[in-house]
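S.K.: Chains A and B, in that order, give the protein sequences.
FYI, our numbering numbers position 29 of the first sequence as 29, with every residue one higher than the one before it.
One rule links them: number in our numbering = place in the second sequence (from 1) + 176.
Treat the hints as calculated values from the structure; they're not laboratory data.
Backbone N, C-alpha and C define an ideal beta-carbon position, used for all residues, glycine too.
Careful: at least some of the hints might be erroneous.
To be verified - Derived pair list, reagent style DSS-like, types lysine-lysine, alpha-carbon separation capped at 30 angstroms: (1) A:Lys33 with B:Lys331; (2) B:Lys464 with A:Lys62; (3) A:Lys107 with B:Lys338; (4) B:Lys364 with A:Lys33; (5) A:Lys107 with B:Lys464; (6) A:Lys83 with B:Lys364; (7) B:Lys232 with B:Lys394.
As the list claims (entries may be wrong) - Computed Cβ-Cβ distance ranges for the label pairs, DEER-style: (8) B:Ser585 with A:His136: 51 to 61 angstroms; (9) A:Gln36 with B:Glu577: 35 to 45 angstroms; (10) A:Val32 with B:Ile580: 22 to 32 angstroms; (11) B:Glu241 with A:Ser39: 28 to 38 angstroms; (12) A:His136 with B:Trp460: 48 to 58 angstroms; (13) A:Gln61 with B:His443: 41 to 51 angstroms; (14) A:Val73 with B:Ser461: 45 to 55 angstroms; (15) B:Ser493 with A:Arg142: 50 to 60 angstroms; (16) A:Gln61 with B:Asn539: 51 to 61 angstroms; (17) B:Arg351 with A:Glu77: 23 to 33 angstroms.
Unchecked claim - Pulled a few chain A residues facing chain B out of the computed Cβ check, cut under 8 angstroms: (18) Ala6; (19) Ile109; (20) His136; (21) Ala139.
Given next are the chains, with one letter for each unit.
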Amino acid sequence: MNSQVAPILIFTYGNPSRGDDALGPAMYDLLVKHQQETSNLDRVELLTDFQLQIEHAVDLQKRDSVLFIDAGVSCAEPFECRKLRVERDESFTTNAMSPSTVLAVYKQINHCEPPPAFLLTIRAYEFSLGQEMSEHARANLRKAYDFITAPHIGAESADFANQCFSTKPRYGGTVV
Amino acid sequence: MPSKLETAQSPQALKRVVIEPLTRVEGHGKVTLLQDENQVIRQARLHITEFRGFEKFIQGRPYWELPVLVQRLCGICPVSHHLAAAKATDMIVGARELTATADKIRRLMHFGQTLQSHALHFFHLCSPDLLFGFDDDVRHRNIVGVIEDHPQIAKQGVLLRKYGQEIIRITSGKRIHGTGAIPGGINKSLRKSEIEYLQKDITQIIGWAQDSIELIKKIFFEHYAYHLAFASIESNMMSVVGADGAFELYDGGLRATDCWGKSIFDHVDYNDYEQYIREGIKNWSYMKFPFITSIGQEQGWYRVGPLARVNNCDFFSTPLAETERREFMAMGNGLPVQSTLAYHWARLIELLHCTEAIAELLNDRDLCGKDLLNRGELQLSGTGVIEAPRGTLFHHYEIDEQGIVEKASLIVSTTNNNQAMNESIRKVSNQYLDGNMLSEALLNQVEVAIRAYDPCLSCATHAIGKMPMQINLLNANNELVDRLEKRVDGQFDRTI
């Protein structure tokens with residue numbers, strides 16, 4: 001159902017009313033504002049949702065590269081960025097598919113490799129309904145935002161990995 | 177009707193088996209099975225471990241924010257909460273009826289939501305069990321396994337989901353956090369180009385829905401006796417029906433029937449639901465246990481959702497779904513179909529109805545109408561009830577003179593099915609786990625029974641790394657004697 005799509009997709013996910021689970025959608029809001037005010041995200045489409053599901057494989061079509069952004073309680077502070085592999089998510093628990101499994105669905109329904117994809121996980125702490133985002137998480141969000149909005153996103157190269165890795169020390173995140 | 181196994185005479189002398197959380201059941205869940213010294217299952221309980229705090233989350237907010245706010249209660253069915261809250265706030269703003277455009281656009285949104293939810297459940301959550309069998313290697317029994325072995329089916333599932341999401345996006349204005357329904361109506365109608373966009377694929381979508389029913393029938397009849405008996409319980413059924421008895425998802429009166437198909441109540445105005453439904457409490461669960469007041473808690477529990485709706489309605493208004501309903505009902509030989517696994521079949525009949533109803537609505541000029549809102553005299557309370565994909569959903573609000581919510585009461589679909597899920601677990605546990613060591617295959621039998629209800633225990637969150645499955649075996653002295661852990665890669669470890 002995609003007609004014209006931006007070459008780069010940034011897909012954030014989480015529930016805005018669940019404490020630090022709001023990190024994904026909060027990043028979405030920041031990036032929308034950034035996109036409106038600058039031109040260095042003009043090759044980027046921003047999408048957000050509560051969680052990943054099978055139909056999101058369709059959103060990956062015709063992209064040069066994809067960056068997923070999520071909150072996580074087990075990653076290093078302030079954030080981690082890693083390249084994703086196409087692999088089965090054997091846990092398949094609950095409502096949320098892992099981004100790697102979304103890539104696997106893409107491959108199976110399109111019979112080709114998905115675009116290069118990366119996961120930026122921002123360190124989170126609490127996920128209670130109605131809770132505000134924690135101060136720690138806000139600080140991590142800001143560092144991740146600085147990382148994302150560095151010039152590499154708008155660069156001609158579609159290789160996120162090289163760009164992410166080269167900017168790692170400046171923003172204090174972990175690239176794995 | 178509750179089993180004698182629910183409360184054992186001497187629970188302190190029983191051994192406990194804890195299964196936590198349930199895979200592919202939304203959110204957190206935990207099953208506790210209590211065995212006696214002879215390894216007979218004496219108690220089986222589905223616990224909901226998270227206190228959700230819905231009411232507290234909503235109290236203190238202005239009523240006009242509710243249709244948007246409540247979408248954040250659940251990432252699984254935000255549109256259902258959106259519409260139920262919109263209906264309740266219709267009452268608050270005194271809009272007893274909606275304009276034709278508002279009514280039809282909301283219905284279209286709801287059909288889209290039900291279509292995508294049912295597609296997800298069948299193609300993602302339950303079809304692996306049905307296609308591969310309950311004893312299949314757990315690593316194979318997921319959506320990726322389905323795609324590998326049945327590539328066309330899986331692709332159809334993805335595209336059905338996507339189509340439903342597109343309807344939601346267009347009718348609500350956004351992919352998520354939509355503002356389409358507002359108190360008294362809607363905030364925008366559809367453009368001709370949007371309708372044409374949706375019409376482009378609808379014939380194909382109906383065809384895929386028909387294919388899915390043929391598939392479920394094939395699966396069901398291959399092991400007919402087994403599917404009929406698995407986790408089968410005799411229950412009352414409750415749903416919304418139209419004034420003429422037609423199948424209805426968006427608006428109508430409440431109908432409850434007993435296990436013989438006899439009427440308990442019919443065409444009840446849902447504004448009076450508190451006279452007909454009460455919520456019981458049990459000290460071992462945060463989730464309440466609704467029951468039909470006139471029958472009482474012991475016998476008055478009921479089932480909601482696709483099985484109840486298809487059993488309860490007199491007919492479907494769309495021809496293909498009505499043909500399928502008749503074939504489905506023939507299974508009961510004049511009585512309601514009570515097979516728990518028949519939920520899957522009923523769900524797909526509803527999915528087919530949604531596609532037909534969407535096709536009809538897309539030809540309706542009212543979708544492009546300009547008359548969007550009705551208003552009347554402000555009321556201090558309002559109730560909204562819809563048939564969410566998983567079953568009847570109640571929203572009730574009371575506000576002060578400034579429009580601030582003072583009280584919010586919600587009965588969500590999964591809560592309505594609470595006792596029924598416990599009954600099905602007990603049935604399966606007693607049949608398959610009695611006297612046996614825990615195994616993946618046996619545990620999956622319990623999960624398959626629960627999954628049939630498509631429960632949403634969602635916290636709409638997804639703290640990666642926080643949700644391994646753990647199985648603890650405790651003896652009568654509460655001592656841990658065995659533990660199985662399910663790692664995120666799907667492997668089981670015995671950690672004691």
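S.K.: Take the hints in turn and mark each one as holding or not.
M.R.: Hints versus structure:
Only pairs whose Cα atoms come within 30 angstroms are accepted, and A:Lys33 paired with B:Lys331 is rejected, the gap being roughly 35 angstroms. For the given pair, B:Lys464 sits about 47 angstroms from A:Lys62 by alpha-carbon distance, which is inconsistent with the 30 angstroms threshold. Under the criterion of a C-alpha separation no larger than 30 angstroms, the hint pairing A:Lys107 with B:Lys338 is consistent with the structure, at around 17 angstroms. Restraint check for B:Lys364 and A:Lys33: satisfied, since their Cα atoms lie roughly 25 angstroms apart, inside the 30 angstroms limit.
Taking the CA atoms of A:Lys107 and B:Lys464, the gap is near 43 angstroms; set against the 30 angstroms cutoff, the hint is violated. With a C-alpha separation of about 41 angstroms, the suggested pair A:Lys83 and B:Lys364 falls outside the 30 angstroms cut-off, and the hint is violated. Among the hinted pairs, B:Lys232 with B:Lys394 is inconsistent with the structure: their alpha-carbon atoms are about 47 angstroms apart, more than 30 angstroms. Between B:Ser585 and A:His136 the beta carbons are some 35 angstroms apart, a value that contradicts the proposed interval 51 to 61 angstroms.
Distance hint for A:Gln36 and B:Glu577: a CB-CB separation of about 40 angstroms, consistent with the stated range 35 to 45 angstroms. Between A:Val32 and B:Ile580 the Cβ separation comes to about 30 angstroms, which falls inside the hinted range of 22 to 32 angstroms. At about 35 angstroms, the beta-carbon gap between B:Glu241 and A:Ser39 stays in the expected band of 28 to 38 angstroms. Checked against the hint of 48 to 58 angstroms, the C-beta distance between A:His136 and B:Trp460 comes to roughly 35 angstroms, which is inconsistent with it.
The beta-carbon spacing between A:Gln61 and B:His443, approximately 48 angstroms, falls within the hinted interval of 41 to 51 angstroms. In this structure the hint that A:Val73 and B:Ser461 lie 45 to 55 angstroms apart at CB is violated, the actual value being about 26 angstroms. The hinted range of 50 to 60 angstroms is satisfied by B:Ser493 and A:Arg142, whose Cβ atoms lie roughly 54 angstroms apart. Taking the beta carbon of each, A:Gln61 and B:Asn539 are about 30 angstroms apart, not inside 51 to 61 angstroms as hinted.
Against the hinted window of 23 to 33 angstroms, the Cβ-Cβ separation of B:Arg351 and A:Glu77 comes to about 30 angstroms, which satisfies the hint. Hint status for A:Ala6: violated, given a least beta-carbon distance of 16 angstroms to chain B, over 8 angstroms. Among the interface hints, the one on A:Ile109 holds; its C-beta lies about 5 angstroms from the nearest C-beta in chain B, closer than the 8 angstroms criterion. Restraint check, A:His136 versus chain B: the minimum CB separation of about 15 angstroms is more than 8 angstroms; hint violated.
Using the Cβ-Cβ criterion of 8 angstroms, the hint placing A:Ala139 at the interface with chain B is not satisfied: the shortest such distance is roughly 19 angstroms.
In this structure, the earlier hints numbered 1, 2, 5, 6, 7, 8, 12, 14, 16, 18, 20, 21 are contradicted, and the remaining ones agree with it.
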